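8 protein chains.
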Amino acid sequence: MTIKYFVASLMIGLSGVAVASPELPRHADLDLKTARLLADTAMANCTGTVSVLDRGGNLLVTLRGDGVGPHNTAASQRKAYTALSTKTATRLFAERARSNPETANLNTLDELLLLGGGIPLFLGTELVGAMGVAGSGGGEQDENCAIKAAGKTGLATTRSQ
Amino acid sequence: MTIKYFVASLMIGLSGVAVASPELPRHADLDLKTARLLADTAMANCTGTVSVLDRGGNLLVTLRGDGVGPHNTAASQRKAYTALSTKTATRLFAERARSNPETANLNTLDELLLLGGGIPLFLGTELVGAMGVAGSGGGEQDENCAIKAAGKTGLATTRSQ
Amino acid sequence: MTIKYFVASLMIGLSGVAVASPELPRHADLDLKTARLLADTAMANCTGTVSVLDRGGNLLVTLRGDGVGPHNTAASQRKAYTALSTKTATRLFAERARSNPETANLNTLDELLLLGGGIPLFLGTELVGAMGVAGSGGGEQDENCAIKAAGKTGLATTRSQ
Amino acid sequence: MTIKYFVASLMIGLSGVAVASPELPRHADLDLKTARLLADTAMANCTGTVSVLDRGGNLLVTLRGDGVGPHNTAASQRKAYTALSTKTATRLFAERARSNPETANLNTLDELLLLGGGIPLFLGTELVGAMGVAGSGGGEQDENCAIKAAGKTGLATTRSQ
Amino acid sequence: MTIKYFVASLMIGLSGVAVASPELPRHADLDLKTARLLADTAMANCTGTVSVLDRGGNLLVTLRGDGVGPHNTAASQRKAYTALSTKTATRLFAERARSNPETANLNTLDELLLLGGGIPLFLGTELVGAMGVAGSGGGEQDENCAIKAAGKTGLATTRSQ
Amino acid sequence: MTIKYFVASLMIGLSGVAVASPELPRHADLDLKTARLLADTAMANCTGTVSVLDRGGNLLVTLRGDGVGPHNTAASQRKAYTALSTKTATRLFAERARSNPETANLNTLDELLLLGGGIPLFLGTELVGAMGVAGSGGGEQDENCAIKAAGKTGLATTRSQ
Amino acid sequence: MTIKYFVASLMIGLSGVAVASPELPRHADLDLKTARLLADTAMANCTGTVSVLDRGGNLLVTLRGDGVGPHNTAASQRKAYTALSTKTATRLFAERARSNPETANLNTLDELLLLGGGIPLFLGTELVGAMGVAGSGGGEQDENCAIKAAGKTGLATTRSQ
Amino acid sequence: MTIKYFVASLMIGLSGVAVASPELPRHADLDLKTARLLADTAMANCTGTVSVLDRGGNLLVTLRGDGVGPHNTAASQRKAYTALSTKTATRLFAERARSNPETANLNTLDELLLLGGGIPLFLGTELVGAMGVAGSGGGEQDENCAIKAAGKTGLATTRSQ
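Protein chains in written order, with the working numbering: chain A, 1 to 161; chain B, 162 to 322; chain C, 323 to 483; chain D, 484 to 644; chain E, 645 to 805; chain F, 806 to 966; chain G, 967 to 1127; chain H, 1128 to 1288.
What the hints contain is simulated information worked out from the structure, not anything from laboratory work. Computed from a predicted structure; not experimentally measured. Warning: the hint list may mix true and false statements.
Unchecked claim - Each computed DSSO-like pair below joins lysine-lysine, with the alpha-carbon atoms no more than 27 Å apart:
no., chain 1, residue 1, chain 2, residue 2
1, H, K1214, H, K1160
2, D, K570, D, K516
3, E, K792, E, K677
4, E, K796, D, K516
5, F, K892, E, K677
6, D, K570, C, K355
7, B, K313, C, K355
8, B, K309, C, K355
9, E, K792, D, K516
10, A, K87, B, K194
11, D, K516, C, K409
12, G, K999, A, K33
13, E, K731, F, K838
In isolation and in its complexed conformation, chain A is listed as follows (with noise of 0.2 Å):
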């Protein structure tokens, strides 16, 4: 079977394509540009390791600063997931599940991180993406890291009204 072949047949499912087409959202997202530029505003805030993820919680940069212990790698993505699944800065959303003997357990969910550094970044109304800050000395010195590199980016970290 050659390659040919499936182009045929790919072509076949194309012919049907006189159906209309479906109505889709669209929703803004962040690009490597806005995401090195958030990264690098990080960076140049403090020493730690920071991760961007797009608005579908795929990661577009990681950088981490000379010295910083490795296991802040991943713990900078988890973060970032985290924040951006839940739309709620880590360091909020991990104190909210601790208060609430229901909702401790929420801190065994393998997906996500409940310590601060985790920021979801917002345009206007719409999520585009999330970052997160580990290993700059502590989960609040995290978060000003990464609301600070939000700030001067011009996304915001909550959604407007």
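With chain A fixed as given, assemble chains B, C, D, E, F, G and H onto it according to the hints.
This is chains B, C, D, E, F, G and H only, laid out in the frame that chain A set:
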């Protein structure tokens, strides 16, 4: 430390948004309604397991047909992910990979599954998601089942020129 | 060695079936039609991610609502699995687990997720499957969403006496 | 929040069961007694490791013979799972897979193991479970050992017509 | 390169065995016969899932009772492993761990499971294996079920002095 | 519940040991002293990474030579495990596996690694452990390095007849 | 037990440092500044995903180009790790591996990825890190993109003699 | 495509090395000789399992004492990694983490293990590696055993000022 503290600290971040916001690209993205239509249409075409992912590679729908072996659940999801990430139907991508010794090891990437049945979904020139079918009787049947569903839903399996 | 060889060898196995067959128990089991009804009903009740498992713990349906964070996909599946395997609603199971130091470590079992929103599904005295909801606004909301869907579908969340 | 609360809330769910219950299919399923008989019979035929799964793919029995290498434990379980999920003896399934370039990558699915020794178990027209043997001296020996055990227990390795 | 080559090369290795062989310790170890007796005795005492490991921590037997939730399979195996590796009943080990902040994180080791129901098995002064019970109705019941089985089989749960 | 409680409950178990104890097999097993000698001897023969396992497959020693790539650590351990569990040198086992289409998929078992450099260790007729070498310059060199070390330590790589 | 306690106990350790310190080797190692330069240069050469590791194999930088499939993130990191640990460009290493049946299974080591695009980075005679490119259009393009970036940054891809 | 091709293509890369080479930092790093000395000294102090990592977090040595439970192998390695990556003794790091609700979830990072017994190793102002001890009788004993070994080897557990 209280939630108020956090909100205050987030406000500081927001107050910096006098900075010009970045211009970000906008992309069409599958929604649940369209994903459900794709999956239902596929299940009307064949008895298998079907999964649909959005533009970011995140699952929107999985449906497993009665009596379909459970290993097909992950298979359908991984086929869809492979089609999304390579922007290529998995059957074609697998053929290309195995036709060249330098690319044959693409089948050792955990993120990919090089079996027919996964297709990318395009609306015009934009990738908007992907779907994967498994367990309907072989990779060719799986792919046909998916292609028909895409066609009936008004989505293409290749980027329009 | 050819396929014929194998078939022949399987026949040898079959020829031995003059032996009396064992009497095996029979159980009711969710099918895709009912699982879809459960999932659709849940999605009409709340915006979250819902998963439905059959009696053996294998996924039948996952639907993720628009804008629901992607970490809820695994969460809904694991909640459903936990409810199935413990035959108990996850919210109640989690409360029991944390109320006793000897059982608190049940939250370290990878197979389980001790967060509200998973419920077992019974038909009369038989366990027939389970469902899990995540991301609708908290464990209590998730559970209510699932319970309502079960009720409207004619399935119970506890074994009838 | 107390356990009483939860029970009350579950009752609300139950009170809705005036709705007609769905009609669900019923299936025969291996029980421990039969699984034990299968495993003991296999161990009387050969020295290896044997595992038996129920209809849902969940383990009922594993027995490892004295001196059998420990890697055969997972192998016997995965062979059984593969036979169950594909409804095909693994030796035949593996031969089919490798005979076609389009299916060769089935051996990259973590859920499957394409080595002889796994067989599905049927009672009449119904799949009721599966068993896998590993470490008895090769895939052919493993398969023969399993087939004999099935035959002596009154179960078939192919669906009756 | 042929098999002969290898055998020849292995012979070279063997030819060097004029060297005095080392004196190695000898240890008693569970065999399948005793492991089966332990498992059967446990299953006669309670309805749960039972696993028995040999001295090296490798599985000899797993039996899952009818209707016992599938998450108990891994739980019974991990309890047994924990008892073997710590030479302590898991219920006691778990209590000690949680009674001291410095040891509480022992519950984060993937290799261990700090829930009652796992016991080490001693013959005189020697550790010979371990068993774990799960799903019989709680950690205390699980442990009692295992202890009784050990006692009836002539094995002790603590090292004799 | 206190530790005293547990000890009391364990005593109950012990009190039942009037039952005749089972007769268990006894096996020679590598100790750290011999394992250290094996590893040191290997490291004197070649620059690589060496691992030694006891009879149960548990690690006793790993030594990584200066400048040896870190992927060889897991490789040396997995080679040793493969040799132990198959009771065969990995180079020979790998050749046998690839020489037969029915066994080629043995290389898809996560528990095994089919690369030369792992050897089983026998004392007379007993398997007492295994060792693996990786990174010394190829599978043949790795195997030779291990075989020499075994020879000088007085252990054989095949069971004596 | 307080932090003071620990510090005191660490001091005891330090007080023993009258012992002569060992002489340790010193090695050049990539820093973030150089890693960033390598990654930026690569991204100027091609559209793909690039990762740079330090001498110890720990990530310094990942950048993913706009529209590059997300599976390339792990691929670029694993290619870089493979080049580092084998001190060989992955394209060459992969060719060598597949040219010999004894080494073909190197593609089953999870730690390695045998696809072109990873290169080791040397400064004179010292290995100082590695980089990997994925998703730029094939292994050859990926490798060229990486080699050019190394060259422009003043690093070599082979050890100087 | 031949190996010659690759070598040629690598040469092209090298030919570009007229560019000035970057100035890279140089760091002291543990070697195998010192790591063995550390491990042997620890094993003379206590009966446990000891692991030593180099500056990049890669394993140099693991030794497991006779009769020490196998779960301590991974524990000793993860303790060492945690000490390396945090540049802090794990016992102190664990105490700090649990003393603050915002950092308590550090124990959910798979990369870290917050149990006493891991110490970083410094030579003057430089981090050169880390070691971890497990299974010697508790975190305090494990730590003391490691600290003594470091002291006798001439390495410090804190950075000199």
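Evaluation of the provided hints:
For the hint linking K1214 of chain H to K1160 of chain H, the alpha-carbon distance of about 22 Å falls within 27 Å, and the restraint holds. Restraint check for K570 of chain D and K516 of chain D: satisfied, since their Cα atoms lie roughly 22 Å apart, inside the 27 Å limit. A distance of roughly 18 Å separates the Cα atoms of K792 of chain E and K677 of chain E; the hinted pair therefore holds under the 27 Å criterion. A distance of roughly 22 Å separates the Cα atoms of K796 of chain E and K516 of chain D; the hinted pair therefore holds under the 27 Å criterion.
Taking the CA atoms of K892 of chain F and K677 of chain E, the gap is near 22 Å; set against the 27 Å cutoff, the hint holds. With a C-alpha separation of about 22 Å, the suggested pair K570 of chain D and K355 of chain C falls inside the 27 Å cut-off, and the hint holds. Distance restraint check for K313 of chain B and K355 of chain C: the Cα-Cα separation of roughly 22 Å lies within the 27 Å cut-off, and the hinted pair is therefore satisfied. For the proposed pair K309 of chain B and K355 of chain C, the alpha carbon gap of about 22 Å is at most 27 Å, so the pair holds.
This hinted pair checks out: K792 of chain E and K516 of chain D have alpha carbons roughly 22 Å apart, not beyond 27 Å. At most 27 Å may separate the alpha-carbon atoms for a hinted pair to count; K87 of chain A and K194 of chain B meet this at roughly 22 Å. Pair hint K516 of chain D plus K409 of chain C holds up; C-alpha atoms about 22 Å apart against a cutoff of 27 Å. Of the supplied pair hints, the one linking K999 of chain G and K33 of chain A holds, its CA atoms being roughly 18 Å apart against a limit of 27 Å.
Restraint check: the Cα-Cα separation between K731 of chain E and K838 of chain F comes to about 22 Å, which is no more than 27 Å; the hinted pair holds.
Comparing the model with each numbered hint stated earlier shows that all of them hold.
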